[in-house]
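Participant: Protein sequences, first through last, are from chains E and B.
Position one of the first sequence corresponds to residue 156 (this note's numbering), numbered consecutively onward.
Position one of the second sequence corresponds to residue 156 (this note's numbering), numbered consecutively onward.
These aren't lab readings, by the way, just hints derived from the structure by calculation.
Fair warning: there could be bad hints in the mix.
Treat identical chains as interchangeable: a pair holds within one or across any two.
[Stated by the list, open to error] Only pairs whose alpha carbons sit at most 25 Å apart, straight line, appear in this in silico BS3-like list of lysine-lysine:
| # | residue 1 | residue 2 |
| --- | --- | --- |
| 1 | Lys286 | Lys276 |
| 2 | Lys299 | Lys203 |
| 3 | Lys237 | Lys218 |
| 4 | Lys218 | Lys299 |
| 5 | Lys203 | Lys276 |
| 6 | Lys299 | Lys276 |
| 7 | Lys286 | Lys299 |
| 8 | Lys203 | Lys218 |
There are 2 protein chains.
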Amino acid sequence: MTYELYYWDGIQGRGEFVRLALEEAGSDYIDVTREPGRGTDAMMAIIKSEAEAHIPFAPPFLKDGAQIVSHVANILFYLGPKLGLAPGDESLRIFANGLQLTITDFVAEIHDSHHPIALSKYYEDQKAESKARSAEFRTSRIPKFLGYFERVLQRNPAGGAHIVGNALSTVDLSLFQVVEGLRYAFPRAMRDFEERFAGLAALHGLVAARPRIAAYLASPRRLAFNENGIFRHYPELDGES
Amino acid sequence: MTYELYYWDGIQGRGEFVRLALEEAGSDYIDVTREPGRGTDAMMAIIKSEAEAHIPFAPPFLKDGAQIVSHVANILFYLGPKLGLAPGDESLRIFANGLQLTITDFVAEIHDSHHPIALSKYYEDQKAESKARSAEFRTSRIPKFLGYFERVLQRNPAGGAHIVGNALSTVDLSLFQVVEGLRYAFPRAMRDFEERFAGLAALHGLVAARPRIAAYLASPRRLAFNENGIFRHYPELDGES
Chain E
156 MTYELYYWDG IQGRGEFVRL ALEEAGSDYI DVTREPGRGT DAMMAIIKSE AEAHIPFAPP
216 FLKDGAQIVS HVANILFYLG PKLGLAPGDE SLRIFANGLQ LTITDFVAEI HDSHHPIALS
276 KYYEDQKAES KARSAEFRTS RIPKFLGYFE RVLQRNPAGG AHIVGNALST VDLSLFQVVE
336 GLRYAFPRAM RDFEERFAGL AALHGLVAAR PRIAAYLASP RRLAFNENGI FRHYPELDGE
396 S
Chain B
156 MTYELYYWDG IQGRGEFVRL ALEEAGSDYI DVTREPGRGT DAMMAIIKSE AEAHIPFAPP
216 FLKDGAQIVS HVANILFYLG PKLGLAPGDE SLRIFANGLQ LTITDFVAEI HDSHHPIALS
276 KYYEDQKAES KARSAEFRTS RIPKFLGYFE RVLQRNPAGG AHIVGNALST VDLSLFQVVE
336 GLRYAFPRAM RDFEERFAGL AALHGLVAAR PRIAAYLASP RRLAFNENGI FRHYPELDGE
396 S
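This is chain E alone, in the form it adopts within the complex (with noise of 0.2 Å):
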């Protein structure tokens, strides 16, 4: 079965974190916006959809068959065994979910940087207040977020290659796009980075290096990071005058 999955086309976004572990895996899949004849109407036909009885709240969501499952942590969750991306341990799957809503949270703080105020207005209109933000998301949220997946990894009694046991996850590839996003955003505030969190920078390097994973970064698959997605590089927010 196809997997296919809905999300806004032109930006990596929060639908990232599934191409990452669909990619990785080699899956089968759809990304369904940026098909021809499709787009991003046929993603609104389901939100907006009568006569389906589990429609979503806001993309990304993912469509196996007739199972629609929505937010990325969910997404990630039902994925991960069958992509042979979940530890196999029922309680460290606990776990790894834990972790990955623990990455939604940081996400969506991450967002907020640039939208403070209201998701319905320009970043130009509320640009004071995101430079607000983003001083106490620079110093205070990101070596927050940061130092504590660096001790998990630390701590991890399968070793520290990997943040849940001692093979590769959902959360692993996660991680991974979240420092890339944030050295792309906040290239002055992560420029320390490897010297502060080195098991981290290890577990981005692993993942870079995934032989799937890079084919999929150097693809016209891959898009860009830009000033329409969660990551936005203003020099402004980074803390430069």
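Mind docking chain B on chain E? Use the hints.
Facilitator: Same frame as chain E, now just chain B:
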């Protein structure tokens, strides 16, 4: 086995979504930080533990023997089947998890209505920004989220008494709490709630009338809403001049 819930004392907060499930099921549980002789130190000892591999990022978290489960949605996904508060059908359970994660996002936005700039600062230090964010929250986000849940209720193929299937689930309990909290925090914005969201209003009434929930709400275990929690009543954020 007695469940141990760890959360900040003195507020309902995110812990309340877990308490409602444990109370409805008549579970044997300990609210650890409210226990004489344990308190918040017992919670911080786990978060800062050097011995524990599966440290949580933040409260609430649940201990079930050696298993630590963090994040509300993860805790409820874990507890649901054990407490008889999850759909038996796997497909519905995935849908329920997606709904719970939509509630997670909504709760984060409710929190940020009074903390749009910095978690580390007081409300009074971000009052102007809170007013701007709350205006958007009241006029755009409350109707969007409640409208979504209302549509899901109305579409439920098993009838609209419950949000998923034909029996009470943790998602119903969480929706009760969201409605209860919004009515406390934004009474003005919520004044025509019953007319606009009739299905949600009926669900709120159904949950409030459950004997164990009614007993819990009348007990000293249910703390009152207050201005240290997530749902805060600041008249100026509710559109009063």
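Participant: Which constraints among the numbered hints does this structure fail? Numbers only, ascending.
Facilitator: none
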